[in-house]
Each structure stands twice: as C-alpha cells, then as structure tokens.
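As you go down the protein sequences, you meet chains A and B in turn. The opening position of the first sequence corresponds to residue 1 in this note's numbering, with each subsequent residue numbered one higher. The opening position of the second sequence corresponds to residue 1 in this note's numbering, with each subsequent residue numbered one higher.
FYI, nobody ran anything at the bench for these hints, they're computed from the structure. All of these numbers come straight from a predicted model, not from anything done at the bench. Each residue gets a CB set at the ideal place from its N, CA and C atoms; glycine is no exception. A few of these clues could be false.
What the hints assert, rightly or not - Keeping only pairs whose Cα atoms sit at most 25 Å apart, straight-line, the calculated DSS-like set for lysine-lysine is:
hint: 1; chain 1: A; residue 1: K130; chain 2: B; residue 2: K344
hint: 2; chain 1: A; residue 1: K10; chain 2: A; residue 2: K135
hint: 3; chain 1: A; residue 1: K18; chain 2: A; residue 2: K130
hint: 4; chain 1: A; residue 1: K135; chain 2: B; residue 2: K110
hint: 5; chain 1: A; residue 1: K18; chain 2: A; residue 2: K105
hint: 6; chain 1: A; residue 1: K135; chain 2: A; residue 2: K11
To be verified - Simulated restraints on C-beta separations:
hint: 7; chain 1: A; residue 1: A122; chain 2: B; residue 2: P166; range: 21 to 29 Å
hint: 8; chain 1: B; residue 1: P187; chain 2: A; residue 2: A118; range: 34 to 42 Å
hint: 9; chain 1: B; residue 1: L129; chain 2: A; residue 2: R87; range: 23 to 31 Å
hint: 10; chain 1: A; residue 1: S20; chain 2: B; residue 2: A20; range: 26 to 34 Å
hint: 11; chain 1: A; residue 1: S20; chain 2: B; residue 2: F351; range: 52 to 60 Å
hint: 12; chain 1: A; residue 1: P115; chain 2: B; residue 2: F254; range: 22 to 30 Å
Next come the chains, spelled out residue by residue.
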Amino acid sequence: MTDTSPLDRKKWMATLAKASPARLATLFPKMPPHRILRQPEIGALMVRGRMGGTGAAFNLGEMTVTRASVQLETGEVGHAWVQGRDRQHALRAAAVDALLQTDRKADLIAAVLQPLEAEAQAGRAVRGAKAAATKVDFFTLMRGEDT
Amino acid sequence: MYVAVKGGERAIDNAHAWLAEERRGDPAVPELGIAQIREQMALAVNRVMAEGSLYDPDLAALAIKQARGDLIEAVFLIRAYRTTLPRLAASNPVDTGAMAVDRRISATFKDLPGGQVLGPTFDYTHRLLDFTLMADGAPLTDAVPHTPVPSPRGRDGRGGETPRVPHVMGFLNRDGLIETALPDDTPPPDLTREPLELPADRALRLQALTRGDEGFVLSLAYSTQRGYGRTHAFVGELRIGIVAVEVDIPELGFAVEIGEIELTECETVNQFRGSRTEPPQFTRGYGLVMGQSERKAIAMSLVDRSLRWQELGEDFTGAPAQDEEFVLMHCDNIQATGFLEHIKLPHYVDFQAELELVRKLRAEAQAMQEAAE
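From just these sequences and the hints, can you work out the full model?
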C-alpha cells in the first residue's frame, strides 16, 4: 500500500463525487475484484447555511446522496459519498478510492482523476467567462443639484 | 372532521386512468422527457426543490411532469418522497463566500470589488413575448460572446482551487456600521425532526422561510415595503452560483466535498435608528434559497429582517410580517393546501349535523315569530 495523505484523499474523493456518473463510468468501466462492505445506500443529507453568510448555522434543506464502501481483494478499503441517487456512481467512486491506495495510484490518477479534474476546471472556466462577459460598471448620472 | 367512506373504487380507478391520459395530452404532440423539464424549465425545477426542501433536479423534474405542471402538487410529491429517505448526515455550513458566481449585484455599492456581474437575468429584458421561441427549429441567437474578459472570481491562496468572492457586507462590517454575524456551529433546530414550536429562534425561522411558499413570502415582503412593519431594505448583495457541499465522513475522520448545488443568496441592509438595546447602525436580513430563486431570496431576507423586531428592540406594530406565529404557521404551502383541500373530502356526518341544527334553529325562529304575531 502506498502512503496516502488525507489531503490527497480528501481531494480525490471530492473529484470522484462531483463527477458525472456517466463520465466516471466511461473513464473507469470495469470494477476491480472486490467485496462490498456497505451496499450503496441512498439517503438525505441536511445542507446547512449560515445567517448572513458568516453567522450561526441553520438548516437550509436536504439533498440526495448515495454512499457505499468496498474492499479490494488485496485488502484496501474504499469509501464514497456522492451527490444524487446513482448506486453505480457510489460503487465506482469507492473502488477508485480503494485503488488509489494501491500501487496502481499513478495509473488511476492519469486515467481517471486528471481527466475529471481537467473537465471540471474547463467547465468552471466556461461559466466564469460567461459571467465575466456580463460584468457591468454602473455610472451615476450627474443630478441637477450637483451642478 | 371528515369521515371514512367506502365504495367508489371503480370510479376512482377510472378517474386516475383519465388523469394519466390528460397528463399525456394530445398523443400527436411529443411527450416531454425529464431531462427536457430539468434543462428547459429549470426555474420551475428550482422552485420545486426549494419548497420541496430536497435538492435533486431529476426528481423535481419528474414531480413536475407527474403533477402536470402543478408546482404545489409537485412540491407535495417531493416532500412525500423525502420522508422515505434515511437522514445520513448534516453538511458543514456551506461557504457562500467561495461561491462560483453566475450573478452578483449590489444595489448599495456600485463599485464593489470584483464587480457587478449580471448573469443570466430577466432584468433589462423588455418583457415582450418572443415569437421566435414559438417557431420550431428557429436557430439559436448567438450565445454569450467569448471575449477574453478577466474572470471576476478571486483566489483564496489555497492553490487557486476555491475561488473567493468577498461579501459586500464585509466592507461595511469593517467600519462597524453594520451588525456583525459571527460564526456559530451549534447544531441548529430542525423543523423536519421536531414539531415547530413558538417562539422560534432565527435558525428555525430561516428554515421555515426558505422552504415556504414563494407567493406567500413575496406578499409578506411586499407588505413590509408598503408600510406594514417597515424596515427600509436595500439589497446589499444578491448572488447566484454554485457552492460545494462538504460533509464529515465518519469512516475517515475528515470532511469531503461530496457535491455542488446552486444557491441564491440575498443580504439586505436595513436602516436602523438604534433602540434601547442596540446602537444606530445598519441591520441585516438574510435569504438563502436552493437554485436560481432570486425573488424568493429577496423576499425571504425582507421577512427575516421584519421578524427580528424583538431581538433588535423595535416596536411591534401589529404588522403581519412581524408576527412570527402568523408567518411561520402559514408559510408552508403543503400544510396550507392540505388543510384547505381537505374540506372537499367527504364531511357528510358533520354536514348532516349542521343541517339538523339549521333546521332546528329555523323552526324555533318561526315558532317565536308566530307567537309574537
């Protein structure tokens, strides 16, 4: 097992969770030999906000999430919590999480994580550029009493 | 009260079959897909998610299709579905300062750092029907030109991963001109777990308002603008965009961003002359709503501010928008429609009793009249 720092894992789990289920299935079509530790479970996550954006927490409403855990034949355990109700998404994300703890890490980073991250980045850039194109400067017109 | 009735099974089955037929409409017209509703009726989907209190665009689109476009019925379907889901966890409070903004405007500061970003807004449209949308296969007008404009999104110094767009309120905060909102991670009360009890705290009020009926919250907010519990609100900032949702994963002992949701946030700045307990300063109202739900977020922040009269030592003028019980007990459209619509269900026993009573009163009145003559 290669060493994995929590920061890396935190980041790759987020990338896998935010990926579209179809895209992840394309990039990672074949599940490795594994046993399921926790069957994919669909549930609700209560999303919280903060009063005034920075203040005390309050409950905003729920979102659907699916979680699953798998164990590879070689013993590594992978977990996934993903947005939505796609069981395969959760299983795939958990399997990739487990494989990223093995010596296949570099392969998976190149084959799965990097494409997902690049696409997410590109998506954000496109939206960011569209938003930037709607940036305005409002001018206050001179009013009579100011002259 | 209404009573159990028996019978009518075949009639009910037939009514439901007809409903399905009417839902489909003319079979010569192509059937709507869930993806079409999700993509092309996005603001209806957002409203159903916000008031259904469950962020899942596909399910909201399905609910809209099943409800034939009746959005309150669709909200009802979502509320019923969400009760079947196990609650797996609660997220860490979302960081709206790290929102990837599609829209961000301020009515109080024209030169806000980061700039005013209009986003995909109906503002400044002429509200004239666009008949080109009616013409089948009409070519799309050019999308937003891809002029290389520097992105308004900031950087947070953490490798540039999370863009940060500072809140406008922060600028006023620095000068001490506005009340502060300090972080507090005490688990807030949850009206989906414990029945709503009054008096409610602000966390509970915000939860009720964000899932409350848009029309009701809008009208209450409007009433405050017209003078019923006046709070002189300006939109300090309105922003719409995507935020990450982060949750502590118990198996791992650290938090992971497990998804992204679209939110609308509105902060109002309100004139405040000071009270027995508070110095003169600006005060704040807050609105945060799922999806692109601008009208609702603005309305929510006005009603939030109005309901804070007691905490700020203001006078209660008897305005509906100041009356916590009035607002919280009536803002939920599923409770409202449930109680309203139940009166159409069989009330035969009640009504028989009423009928008997009225007949008796009439007979008595007639007898009195005859005796008087």
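Hint by hint, here is what the structure shows:
With a C-alpha separation of about 50 Å, the suggested pairing of A/K130 with B/K344 is violated against the 25 Å cut-off. Between the alpha carbons of A/K10 and A/K135 the distance comes to roughly 34 Å, so the proposed pair goes past 25 Å and is violated. Taking the CA atoms of A/K18 and A/K130, the gap is about 21 Å. The hint holds against a cut of 25 Å. For the hint linking A/K135 to B/K110, the alpha-carbon distance of about 12 Å falls within 25 Å, and the restraint holds.
The hinted pair formed by A/K18 and A/K105 meets the criterion: a straight-line CA distance of about 19 Å does not exceed 25 Å. A threshold of 25 Å between alpha carbons decides the hint, and for A/K135 with A/K11 the separation of about 31 Å lies outside it, so the pair is violated. Restraint check, A/A122 to B/P166: a C-beta distance of roughly 26 Å satisfies the suggested window 21 to 29 Å. The supplied range of 34 to 42 Å is met by B/P187 and A/A118, whose beta-carbon atoms lie about 38 Å from each other.
The supplied range of 23 to 31 Å is broken by B/L129 and A/R87, whose beta-carbon atoms lie about 44 Å from each other. At roughly 32 Å, the beta carbons of A/S20 and B/A20 sit within the given window of 26 to 34 Å. The hinted range of 52 to 60 Å is satisfied by A/S20 and B/F351, whose Cβ atoms lie roughly 55 Å apart. In this structure, A/P115 and B/F254 meet the distance hint of 22 to 30 Å, their C-beta atoms being roughly 25 Å apart.
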